[in-house]
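Participant: Going line by line, the protein sequences match chains E and X.
Residue numbering for the first sequence follows our numbering, beginning at 1 and increasing consecutively.
Residue numbering for the second sequence follows our numbering, beginning at 1 and increasing consecutively.
FYI, nobody ran anything at the bench for these hints, they're computed from the structure.
Check each hint, because a few of them may be wrong.
Stated by the list, open to error - EDC-like mimics (lysine to aspartate or glutamate), calculated; alpha carbons at most 16 angstroms apart, straight line:
{"#": "1", "chain 1": "X", "residue 1": "Lys183", "chain 2": "E", "residue 2": "Asp148"}
{"#": "2", "chain 1": "X", "residue 1": "Lys89", "chain 2": "E", "residue 2": "Asp55"}
{"#": "3", "chain 1": "E", "residue 1": "Lys59", "chain 2": "X", "residue 2": "Glu372"}
{"#": "4", "chain 1": "X", "residue 1": "Lys376", "chain 2": "X", "residue 2": "Asp136"}
{"#": "5", "chain 1": "X", "residue 1": "Lys237", "chain 2": "E", "residue 2": "Asp148"}
{"#": "6", "chain 1": "X", "residue 1": "Lys373", "chain 2": "E", "residue 2": "Asp275"}
What the hints assert, rightly or not - Pairwise CB distance ranges (calculated):
{"#": "7", "chain 1": "E", "residue 1": "Gly232", "chain 2": "X", "residue 2": "Pro80", "range": "30 to 40 angstroms"}
{"#": "8", "chain 1": "X", "residue 1": "Gly109", "chain 2": "E", "residue 2": "Leu156", "range": "38 to 48 angstroms"}
{"#": "9", "chain 1": "X", "residue 1": "Gln63", "chain 2": "E", "residue 2": "Pro133", "range": "33 to 43 angstroms"}
{"#": "10", "chain 1": "X", "residue 1": "Glu126", "chain 2": "E", "residue 2": "Gly79", "range": "39 to 49 angstroms"}
{"#": "11", "chain 1": "E", "residue 1": "Pro67", "chain 2": "X", "residue 2": "Ala253", "range": "44 to 54 angstroms"}
{"#": "12", "chain 1": "X", "residue 1": "Asp136", "chain 2": "E", "residue 2": "Gly79", "range": "30 to 40 angstroms"}
{"#": "13", "chain 1": "E", "residue 1": "Arg198", "chain 2": "X", "residue 2": "Pro394", "range": "23 to 33 angstroms"}
{"#": "14", "chain 1": "X", "residue 1": "Asp270", "chain 2": "E", "residue 2": "Ile233", "range": "50 to 60 angstroms"}
{"#": "15", "chain 1": "X", "residue 1": "Pro80", "chain 2": "E", "residue 2": "Leu117", "range": "24 to 34 angstroms"}
{"#": "16", "chain 1": "X", "residue 1": "Ser50", "chain 2": "E", "residue 2": "Leu226", "range": "50 to 60 angstroms"}
{"#": "17", "chain 1": "E", "residue 1": "Thr63", "chain 2": "X", "residue 2": "Asp169", "range": "25 to 35 angstroms"}
Note that beta-carbon positions come from the ideal geometry of N, C-alpha and C, so glycine has one too.
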Amino acid sequence: MTLLAPAVAAPPRAGRKPRRDNRFAAWLFLLPALAYIVVFFGYPLAANVVMSTQDYTVKSFYTGEAPFVGLANYAAVFGNPLFSTAVVDTVLFTAGSLVFQFGIGLALAVFFNGRFLGSALLRSLLLLPWLLPLVVSGAVWRWMFDQDHGVLNAALRAVGLDAVPWLSSTGWALPAVILTNIWIGIPFNLVILHGGLRAIPASLYEAAALDGAGAWQRFRHLTWPLLRPVTGIVLMLGLVYTIKVFDVIMVVTGGGPANATQTLTTWSYRLSFQDFAFGQGAAVGNVLILVATVFGLLYLRSAKATLAEAAA
Amino acid sequence: MPVARRALVLAASAALLAACSPSPAPTTSSSAQPAGSITELDYYADEQGSAAWQKILDACAGQTGIKIERQKVPTSQMLPKVLQGASSKTLPDLLFTDNPTLQQVAATGALTPLADYGITTDGFYESIVKAGTYQDKVYGVAPGVNGLALIYDKDLLAAAGVQPPKTWDELKAAAAKLTKDGKYGLAFSAIPSEEGTWQFLPFFWSNGAELSQLDSAQSVKALQFVTDLVNSGSASKSVVTWNQNDVADQFVAGNAAMMVNGSWNLARLDEQQALHYGVVPIPVPQAGAKPVVALGGEVGAVPVTSGPAQQAAGKVLSCILSEPTMLQWSKAHAYIPSKTAVAAKFGTEQPAMQAFVDEVGSARSRTAELGEKYPKVSQALADAVQAALTGKLPADQALKAAQQASGS
Numbered sequence: 001m002t003l004l005a006p007a008v009a010a011p012p013r014a015g016r017k018p019r020r021d022n023r024f025a026a027w028l029f030l031l032p033a034l035a036y037i038v039v040f041f042g043y044p045l046a047a048n049v050v051m052s053t054q055d056y057t058v059k060s061f062y063t064g065e066a067p068f069v070g071l072a073n074y075a076a077v078f079g080n081p082l083f084s085t086a087v088v089d090t091v092l093f094t095a096g097s098l099v100f101q102f103g104i105g106l107a108l109a110v111f112f113n114g115r116f117l118g119s120a121l122l123r124s125l126l127l128l129p130w131l132l133p134l135v136v137s138g139a140v141w142r143w144m145f146d147q148d149h150g151v152l153n154a155a156l157r158a159v160g161l162d163a164v165p166w167l168s169s170t171g172w173a174l175p176a177v178i179l180t181n182i183w184i185g186i187p188f189n190l191v192i193l194h195g196g197l198r199a200i201p202a203s204l205y206e207a208a209a210l211d212g213a214g215a216w217q218r219f220r221h222l223t224w225p226l227l228r229p230v231t232g233i234v235l236m237l238g239l240v241y242t243i244k245v246f247d248v249i250m251v252v253t254g255g256g257p258a259n260a261t262q263t264l265t266t267w268s269y270r271l272s273f274q275d276f277a278f279g280q281g282a283a284v285g286n287v288l289i290l291v292a293t294v295f296g297l298l299y300l301r302s303a304k305a306t307l308a309e310a311a312a
Numbered sequence: 001m002p003v004a005r006r007a008l009v010l011a012a013s014a015a016l017l018a019a020c021s022p023s024p025a026p027t028t029s030s031s032a033q034p035a036g037s038i039t040e041l042d043y044y045a046d047e048q049g050s051a052a053w054q055k056i057l058d059a060c061a062g063q064t065g066i067k068i069e070r071q072k073v074p075t076s077q078m079l080p081k082v083l084q085g086a087s088s089k090t091l092p093d094l095l096f097t098d099n100p101t102l103q104q105v106a107a108t109g110a111l112t113p114l115a116d117y118g119i120t121t122d123g124f125y126e127s128i129v130k131a132g133t134y135q136d137k138v139y140g141v142a143p144g145v146n147g148l149a150l151i152y153d154k155d156l157l158a159a160a161g162v163q164p165p166k167t168w169d170e171l172k173a174a175a176a177k178l179t180k181d182g183k184y185g186l187a188f189s190a191i192p193s194e195e196g197t198w199q200f201l202p203f204f205w206s207n208g209a210e211l212s213q214l215d216s217a218q219s220v221k222a223l224q225f226v227t228d229l230v231n232s233g234s235a236s237k238s239v240v241t242w243n244q245n246d247v248a249d250q251f252v253a254g255n256a257a258m259m260v261n262g263s264w265n266l267a268r269l270d271e272q273q274a275l276h277y278g279v280v281p282i283p284v285p286q287a288g289a290k291p292v293v294a295l296g297g298e299v300g301a302v303p304v305t306s307g308p309a310q311q312a313a314g315k316v317l318s319c320i321l322s323e324p325t326m327l328q329w330s331k332a333h334a335y336i337p338s339k340t341a342v343a344a345k346f347g348t349e350q351p352a353m354q355a356f357v358d359e360v361g362s363a364r365s366r367t368a369e370l371g372e373k374y375p376k377v378s379q380a381l382a383d384a385v386q387a388a389l390t391g392k393l394p395a396d397q398a399l400k401a402a403q404q405a406s407g408s
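Chain X on its own, in the form it takes in the complex (with noise of 0.2 angstroms):
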């Protein structure tokens, strides 16, 4: 019966095919496993910050009983390896992500408001809240918060007599006169990504514009002001391809004098036994005004995965925003805790925390007001600081491509 024996191969294969295809069955984490443990995802991938959040994890599973199975992937695999899960529906019970992803995601319908789970946002900052708040609900809360400041060498400044800067003009000033002998007097970051917007948005923000209008007065005189700084030689053509870690590494080798750079850096500088730095807010426009930063930090959700499991991650995401263990992971990752008063204490206690402490309050939330259409609006403002520092356009007309592009 060469037919029916035809008829079975053919139902094997696809028997075969099935069982390859990515199968729409509800995760495994279902409410058949108990919720005695969960499966958790963050993108702490560096050596520090995975040791550092291993030990927030084992802390937190011995207090609440719940055994969590953790997976760590570098950031920029977070985001699709998020979508994955979502799509295949294997989504993690607990997951720490970048808060201006979490509008992505929450849009999509995958996350749990937290309130199911009792976790409250009382005392916490009100930017960080916002940057988890998706329709008026909170679906991500971080246990600490970062932000970005301007650390110096103590020992080159004070050789060349220049004291730290604090606002633009002496900003300027400082970075001509510190730069000699082959070294800058200032480095940041200026890639093409969203590290590139969030190092440029605190002169952006600082000097008054908003990210609805990309081509402002405003816009344009920040982003001339970085330029001139480059065109002028105080900081390196190379921050177009520099990244936060490249900045850290140049201020280490004593390349450069001055970099603006975040706190969860401070550690790497602790090691070095002869650098002395300092950090002071990122220098304003004009004396006075408060300097505007944009919001850093991992925000935890629970995923729509099952009630059991769900309960778990709630308590477990409790216990890492209790006041001992966000303390304990500000410590040991140079971050800011994210309640107002624990951040107060903290950097009465951290001398070299103070200038980011009193930038957490003034500073804003990446996705306040754009929320899920931020992303665009971000890649083009990287785009026109890269075409500005290239040379490729002038400041105003690379604003105004840029208003362009994330408009349509």
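If we strip away everything but chain E, and leave its shape as in the complex, we get (with noise of 0.2 angstroms):
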């Protein structure tokens, strides 16, 4: 940064050309950011695609040298039987998480909205799951699913129900990482949602509580369509958020047992750093970057019309 200090030094031309100055105060001002993005996003993305083109092995590390093939990774990336796999299980990891984090998330934070004797605390407990570090809560649900000693058969057990192969088998192991998931991100749903809450008038619910309104009535047309700008950012990060999780998935099954728990991001990981093959795993991650981008530009111009609503 000192080495702007030159140019912003350098004496003004005062009066000269205003205009033509403040335009360019302005780019000087942007250039830390723009320059924090270019290097810190740009360049790897940047890289990425270029990787995902080369025959990218440990060797060219090393060297430096790694042929380009085309799209070959990518022909193999989607040849593999593991894509369809990793494909599913992402949409479904996702929809799965993002559906009942958002929902317990609203349904507490309508609960919190209501002022009542230990709230706070109660909020603030609520957001352990949030600051603890995900592998320690990816180990700690791991040792809850259990199949023989885990806490959750325990509890299944002792109301007359089966144990459940929680993460043995290949059609519980998915719904199991979902959950945890699901566990981690209530509290981000139910802070935002939370702010997004106290920032309706009481005034309107005191109205609609004249008019004659019940709870629910009040819930449908006053919070949900006052919340809706709210609820658009929080589905949107949660689903960029979750979409590209990796710890949770890999501290509670690997990716296992047999797949059933390989998503993109832990397929991209397998293929760079367990098959070596660094160029299929930066196709992977290619195709995930351009999902998020998608639905990131389908929020923006979703937004973009909420505030020409709100303008109008």
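Taking the hints as your guide, dock the two standalone chains into a single complex.
Facilitator: Right, dumping it as structure tokens:
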């Protein structure tokens, strides 16, 4: 940053071309952010795209030599039977996590919006999952899911139900990691939605109550529509966070058993760091980036529409 | 002069960018730095292993007069870290990594032959030398090796009137008999990674299967044997999610009467006053056959850095490989010394280690046949084990799929 000092310290050409100088100053202020974006997002992104067209091996890291192979890595990835598994798992994981995180988060936010004794304390306790390192939460859930000695199955047995092979069956493992991720994601939804609820003027509710609206009607016709901008942000951020979840799955199941919880992220890691097919790993990563970008753009469009609506 | 000023800013920002991007300049430990100190990288991140390793490094730092700056990373971070170092030319001067990864690193050209530092492999187990050899040159040598054996709870076996099993039939019968009261007869790890493959290989190799053909009759039989243990309830279905630490936890908690595990866990078992355990070699398909386990352990290697640093690293490695240090490390971390003569002496001194010492003689290097191709085959095999144990595919089909995946 000191490198910029001479430019800033140069004597101002006062009054000469004020408009031009203003524009210039604006760019100057943007520069650090721009540089940051280029270095930490642009460069890795471009490098990842390039890597996905190369036969990148362990050797390439040292020698820098990686022959270009065109779209061969994409062909290999799309032709791999694990691709469809990973796509389906990613969709199920993301959709399942979002629906329940949001639903439960919203219910809790509405609940805590009412003032009662200990509300603040309870609310801060509910943030705990968010504050814990993901590896810790993942490890604890893995314990709880244990088929023979886990607390979840102990609870099921206590009420006379059969134990569930949470992590050892290909059918249950995905619901298990989704459950873990829901638990981790609830605080985020709760906090943002709670903030959104606070922004709704109490007078509206008083008016609605005077008009004889019941609790459900107040939620349906006041809370829900007024919360819509916040809902959009929560769901969109949730989507982008969830689609790239890696550590939770890695800690709880490692993508197994028998690839039952292999998502695009875990598969990309596996291709890169277990099979050493870095080009293919990069290709999977790019597919993921593309999907996230599409949703990001959709969000920007809807946000623009909302803003226009608000301005009108 | 707005134009000139703009040019200046552009130049400044370009400099800023250049400063932020990875510099292709040679490593900082180049000839400018005296070789009085070196950097070292290992993955002994667990408390016991880390403390034991630190003692070894301290001892060798004292002996050679070379300061050792140690870096440790979790096992899973090892290869990414090494690759990072390789691409930015900031490799450590001395590297200790799991022996099957050595082929990958050596293939990059980032390692130097140990003969350059006068390090010879005379008297070492042939299998560990093979694991450290890439294209006829030795790039890595281990101070100690390890393998898997069958560890059993003496009290539980005595109560059930069961002898420690020597063959597969005996293992099956013993595991079935010991499975009761919510306890399983046997525990092992079958997670979908190298750890899972490593735990399956003793069954695979002891039955005569080869990594070059994953779907051979011998291989199918081995996988079927393990699958039957799970399907019959003698081992928990959770083995597909247990790593070797989890397996040790289950054993210590008394949830399993026998386990397949490595010597490095013995210190943990010794901590349990109430636990009386015994160790026997992994049961074999037929009586009289020799168990073939995969050889484990970390090899020391000297990456290409700079002349003085490489020489210093070579000196430290020689110290670590000397017999007294080898013995000290083996005792502290329950490894087997990698020199045959030292190991024999060690086995007689440490009865609990004798079974492991016996097995090292016939142990095989995982990468000897396949070299750099090993990780892909290993991953395919781990997938097959998972598919069979979860009932997704029958053993023969799972292995057929693995052979296809590893061959492509």
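Participant: All hints are to be evaluated individually against the structure, with a verdict given for each.
Facilitator: Hints, one by one, checked against the model:
With a C-alpha separation of about 9 angstroms, the suggested pair lysine 183 of chain X and aspartate 148 of chain E falls inside the 16 angstroms cut-off, and the hint holds. Proximity of lysine 89 of chain X to aspartate 55 of chain E is assessed by CA-CA distance (about 21 angstroms); at most 16 angstroms being required, the pair is judged violated. Only pairs whose Cα atoms come within 16 angstroms are accepted, and lysine 59 of chain E paired with glutamate 372 of chain X is accepted, the gap being roughly 11 angstroms. At roughly 22 angstroms between alpha-carbon atoms, lysine 376 of chain X and aspartate 136 of chain X are farther apart than 16 angstroms, so this suggested pair is violated.
Note on lysine 237 of chain X and aspartate 148 of chain E: the hinted pairing holds, with a Cα-Cα distance of about 9 angstroms set against a maximum of 16 angstroms. Proposed proximity of lysine 373 of chain X and aspartate 275 of chain E is supported: the alpha carbons are some 9 angstroms apart, at most 16 angstroms. The beta-carbon spacing between glycine 232 of chain E and proline 80 of chain X, approximately 37 angstroms, falls within the hinted interval of 30 to 40 angstroms. Remark: the range hint 38 to 48 angstroms for glycine 109 of chain X to leucine 156 of chain E is contradicted by a beta-carbon distance near 56 angstroms.
Take glutamine 63 of chain X and proline 133 of chain E: their Cβ atoms lie about 40 angstroms apart, and the range 33 to 43 angstroms holds. Restraint check, glutamate 126 of chain X to glycine 79 of chain E: a C-beta distance of roughly 41 angstroms satisfies the suggested window 39 to 49 angstroms. In this structure the supplied range 44 to 54 angstroms holds for proline 67 of chain E paired with alanine 253 of chain X, their Cβ-Cβ distance being about 52 angstroms. In this structure the supplied range 30 to 40 angstroms holds for aspartate 136 of chain X paired with glycine 79 of chain E, their Cβ-Cβ distance being about 36 angstroms.
Checked against the hint of 23 to 33 angstroms, the C-beta distance between arginine 198 of chain E and proline 394 of chain X comes to roughly 58 angstroms, which is inconsistent with it. In this structure the hint that aspartate 270 of chain X and isoleucine 233 of chain E lie 50 to 60 angstroms apart at CB holds, the actual value being about 55 angstroms. A hinted range of 24 to 34 angstroms for the beta carbons of proline 80 of chain X and leucine 117 of chain E is inconsistent with their spacing of about 50 angstroms. With their beta carbons about 55 angstroms apart, serine 50 of chain X and leucine 226 of chain E fall inside the hinted range of 50 to 60 angstroms.
Between threonine 63 of chain E and aspartate 169 of chain X, the C-beta spacing of about 52 angstroms breaks the proposed range 25 to 35 angstroms.
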